[in-house]
Amino acid sequence: KSSMLSRVAHAAWRATGVGGEEMARQAKGMRVRQIMNSSSFASSSSRCLHGLQRSFHATPCAARKKGILYEFGLLFNRKKREERDQAIKEEVNMGRFPELNELHRTGGKLFDAEDDIIPAALSTSFPELKCFTADGKEHDLMHILRGKVSCVSVFIRDFARPMLKSWEEHIDELKKEYPQLQIIQLSFVEGAAYRMIKGLMLSSMKKRIPQEKHHEIHMCFGSSDEFRKALSVKNRLVAYIFLVDSEGRMRWQAVGYPLSHEVRFLQKSVGKLLEIRSRK
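The letter at position 239 of the sequence shown is residue 239 when you use our numbering, and the numbering goes up by one with no holes.
The reader is advised that the hints may include incorrect statements.
So the derived label-pair ranges between C-beta atoms look like this [unchecked claim]:
#: 1; residue 1: A120; residue 2: M201; range: 16 to 26 Å
#: 2; residue 1: Q211; residue 2: K165; range: 18 to 28 Å
#: 3; residue 1: A192; residue 2: D158; range: 15 to 25 Å
#: 4; residue 1: H214; residue 2: R78; range: 39 to 49 Å
#: 5; residue 1: D116; residue 2: M201; range: 31 to 41 Å
#: 6; residue 1: Q267; residue 2: T106; range: 20 to 30 Å
#: 7; residue 1: G199; residue 2: E177; range: 30 to 40 Å
Listed next, the in silico BS3-like pairs over lysine-lysine satisfying Cα-Cα at most 27 Å (straight line) [to be verified]:
#: 8; residue 1: K272; residue 2: K175
#: 9; residue 1: K165; residue 2: K176
#: 10; residue 1: K206; residue 2: K175
#: 11; residue 1: K165; residue 2: K229
#: 12; residue 1: K229; residue 2: K130
#: 13; residue 1: K148; residue 2: K79
#: 14; residue 1: K176; residue 2: K206
#: 15; residue 1: K176; residue 2: K268
#: 16; residue 1: K175; residue 2: K137
#: 17; residue 1: K80; residue 2: K130
#: 18; residue 1: K165; residue 2: K130
#: 19; residue 1: K130; residue 2: K234
#: 20; residue 1: K109; residue 2: K268
#: 21; residue 1: K268; residue 2: K165
#: 22; residue 1: K165; residue 2: K206
#: 23; residue 1: K198; residue 2: K137
#: 24; residue 1: K229; residue 2: K79
#: 25; residue 1: K268; residue 2: K213
#: 26; residue 1: K175; residue 2: K165
#: 27; residue 1: K130; residue 2: K198
#: 28; residue 1: K229; residue 2: K198
#: 29; residue 1: K137; residue 2: K109
#: 30; residue 1: K148; residue 2: K229
#: 31; residue 1: K130; residue 2: K206
#: 32; residue 1: K137; residue 2: K207
#: 33; residue 1: K272; residue 2: K213
Simulated from the structure, these hints should not be mistaken for lab results. Keep in mind the model is a prediction, meaning the values are calculated, not measured. Using N, Cα and C, we set each Cβ at its ideal position, and we do this for glycine too.
Required output: the full structure, derived from the provided sequences and hints.
Listed below in structure tokens is the structure:
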């Protein structure tokens with residue numbers, strides 16, 4: 001059938017020129033439609049799309065980053081397999097680009113900050129992290145947090161940096177009002193390629209940041225998965241502000257750009273946590 005269509009088109013082209021060319025295009029179009037409508041094409045395309053979907057969704061982000069050794073380890077750890085399966089379900093249910101979609105929908109304000117601190121009995125311990133300060137020294141962040149009331153600002157992607165900047169003025173004012181308050185700015189650098197140039201990145205950070213703030217800036221090289229899981233940080237494109245008490249527990253949090261009432265809540269919560277610490 002296709003050869004007959006081609007012969008008709010060729011004859012028309014020899015007879016009429018442009019019109020025949022048009023008929024040739026139509027004949028090719030008919031052939032393409034025949035192929036696309038065939039059962040074999042539908043079956044193969046379906047298998048191809050299914051394969052792409054499986055390759056995209058079959059492994060959650062954390063597992064994709066950890067690679068083949070992580071997958072091999074799952075063979076001998078039932079709990080880890082169950083955790084991975086749950087992560088897969090959550091990721092598939094959220095759909096494609098969930099963080100970006102959520103950011104566009106909310107403007108980064110995922111929730112409103114509470115007007116009071118979280119009770120100690122209901123609070124969550126701040127995760128253990130190995131970090132580097134601007135002078136290149138490695139340390140345990142929890143060791144720095146314990147014994148002091150700290151305001152910890154966190155961003156995981158550079159996309160969130162403007163949000164963090166919008167809090168800095170208010171946090172600096174708090175520091176003037178409460179000199180005992182410890183300021184920590186924590187960022188994550190994910191990816192093996194960045195770890196290879198860790199020294200260069202720390203050197204660059206040291207030059208860009210005023211010396212009096214070197215002790216405030218902390219950089220963590222590695223995955224943020226465990227940190228995000230511990231504090232229910234689901235979106236990496238927004239900035240987070242945490243108040244951590246002297247026991248290393250997260251007692252207040254905010255997200256996105258600051259609202260005027262959230263700044264007041266932050267000030268109130270800092271005062272309350274410092275008062276609690278002074279009574280011990």
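| Contradicted hints - numbers only | Violated hints (numbers, rising): 1, 13, 29; every other hint is consistent with the structure.
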